[in-house]
Amino acid sequence: MTLSTPILWVLLPLVVAVLSLAAFNRKVFSILLTSLTSFFLAGLAFGFPESMALSLGPLSLSFTESLGILGREITLKYELLPFISLIYFVNGLWALGSGIKGVSRIFRPTSLVVTALLTAALGVQPFLYAALLIETAILVSIPMLSPLGKAPHPGILRYLTLQTLAMPFILLAGWLLSGVEALPPESPLIIQSALILGLGIALWLALFPFHSWVPMVFESSNPLVTSFLQFMIPTVVALFSLNFLNRYTFLRESEGLYQILQTIGVITIALGGSWAAVQKNLKRVFGFATLVETGFSLLAIGLANQGGLVWLLTLMPARALSYWLWAFILARIEERNGKTDLDHIDGFARRFPILSIGLLLAQLSVAGMPLLAEFPTKLTLLTAALESNPILGVWGFIGTLGLFLFTLRLLVHLVKPLPEGEPAQWGISENRSELIPVLVMVGVLIIIGLFPKGLLENILQTLMAFSQLR
Amino acid sequence: MQILSILAFVLIVITAMAILVFRDWRIVSAALLLQYLGAFAMVTQSWPVEIAVIKLIVGWMATAAISLTYFRRENVSLFAETPSSFIFRSLIGLLTILVVFISAPRLQANVFPELDLLVLQSGLMLIGLSLMQLGTTQDPFLTVVGLLSVLSGFEVIYAGLELSSLLTGLLAIVNLGLSLVGVYFIIKVGDNVSLSTKEDEEEDQ
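Quick note, the sequences are listed as chains A and B, same order.
Just so we're aligned, residue 1 is where the first sequence starts under our numbering, counting upward by one.
Just so we're aligned, residue 1 is where the second sequence starts under our numbering, counting upward by one.
The reader is advised that the hints may include incorrect statements.
Interface residues of chain B toward chain A, partial, derived using beta-carbon atoms under 10 Å [what the hints assert, rightly or not]: (1) Ile51; (2) Thr136; (3) Pro140; (4) Leu151; (5) Glu155.
What the hints contain is simulated information worked out from the structure, not anything from laboratory work.
Remember, predicted model here, so these are calculated numbers, not experimental data.
Note that the Cβ used here is the ideal one computed from N, Cα and C, for glycine as well.
Bound-form chain A, shown alone (with noise of 0.2 Å):
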């Protein structure tokens, strides 16, 4: 029997996603179909067989990297499977942690329709219609945001707006692009063409001055649901922008290309880390500190020539937990305290000191704190922008000071002792749902950030897709 891969990682997981939706007054279960559907997907990704052939008892199945559609094709190649595994993994990882109050019922179904969409994404052919499913996984993304009844957020008006914008600037770069390849260098139109897509992809990434809305959605939404989308998208994106310079010669031999990049990114990084430092919402900072990484993101790409291209990679998985942890304890923050204003949050260590250490280990994992899961990979990126220029290494540094002066700020109204009339002495009040997932994620941050290497090379096979990059 011949089946196809988009049939498992994109059809697949969108019929579960009805059942799920079908189901989405049944909490438990609809967790545990979405959540053991994406680790199933995720398991199978990492360990599919190379000959694209499984056998499972008297069954023997042979699988196709292509399925066409409309006359088009869906294909997903052996290489991408380590990032899609990642992509179903983190669906998996956030499903599982979606029964906390606050989070919409209806996360768990859009989840898996975004993430199936997006995969979608990484594989159509001409890759420039990935744009169509983009936008069409942005507009899936609303009703996890915004609850059914309530009147929009204007931040969320903001992303449905800057988002949706994108997608004709990319479907209009890609076919400028088309046509410019056989001109030469200096032609006015190879110079518009690629101001085109770089308006897109900025409005897709939320690149200053189109970022506005990341804080407000943060503010206003559900962190578990808005760092899910904020992981996602500009995953997605970034290693989409990479068919570009795979495919386009005299992009990728542009050396003023990768110094844009640097500068773009280094200039992201420092704008979201100075406006994360003197934030007093913590839903707020750790939406500026999406817009960091998204920063780093570019750094990388833009040091592609040094080896950044796999220091990309390797930051997602560690980001990825990172930002599930942070959103975890920001939403059981949310849930114990109603507010996350840190005025809010005076003396919350004292009745709550693992949830409180979790938060600051997540912020400090994101910032780079050296043993933490971000931290090799960042000094490399930073170290090699440093030798690359100077300048830019500098504002790289201070915009990653940025987050961790956040956390010392924060740390000081967690420990604040507590107003007359309340129990001064410390005490663990977190109960075993809260524990146990704290625990494990941050011993899991730790046992990365000290053996980096093993944990996270598989992804590296994913540049493989990317022939002209490697």
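With chain A fixed as given, assemble chain B onto it according to the hints.
Same frame as chain A, now just chain B:
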């Protein structure tokens, strides 16, 4: 054929201006309906009618979905308008039209030589005026209408550049999806909905 194109162009400009200037949902809905007719006429310049009609049907379905949802709401309050905001939007609309008239011939000569100037101008009018619309409102209904118009403008231009069944299908999905998002935003709590977070919270408690 040329007369039809000119009529379609005029229709597009008038309806896009109406959507930008007026805030009454009835005028905006009617203008959007007519705008899709103009866009359809423009797309027929590049595509066979049987494929171009998909855009008209999808556009009308999208308009019907959001407009009827708005119509179902009770006591729809009209937007409070001051004469100055009305004049301001009219002026930026006129300015946008001027900019499109000035820039379109150069853009056609340098970037889109194979595209008819009128088609390009129609697309740019829709995109430009809708971007102004998006920049002057925070209302979900008007935002979604603005986005539908931007996409409509883009589709008018892109139809002259590429013809693909998958692309047409996906663009139809995006347009309908956008209108459903508009419906989702407009629906009120009292509309007997069942997927609300409110219920989630009650269950959790």
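Going by Cβ atoms only, is B/Ile51 closer than 10 Å to chain A? Not OK, violated: B/Ile51 not within 10 Å of chain A, min 12 Å.
Should the hint that B/Thr136 touches chain A count as held when the rule is a Cβ pair under 10 Å? 12 Å, violated
Hint status (Cβ of B/Pro140 to nearest Cβ of chain A, threshold 10 Å): 5 Å, holds
Would the hint on B/Leu151 be counted as holding, given a Cβ-Cβ threshold of 10 Å to chain A? 7 Å, holds
Holds or violated: the hint that B/Glu155 contacts chain A, with Cβ atoms closer than 10 Å. Interface hint status for B/Glu155: holds (9 Å vs cutoff 10 Å).
Violated hints, listed in ascending order, are 1 and 2; each of the other numbered hints is respected by the structure.
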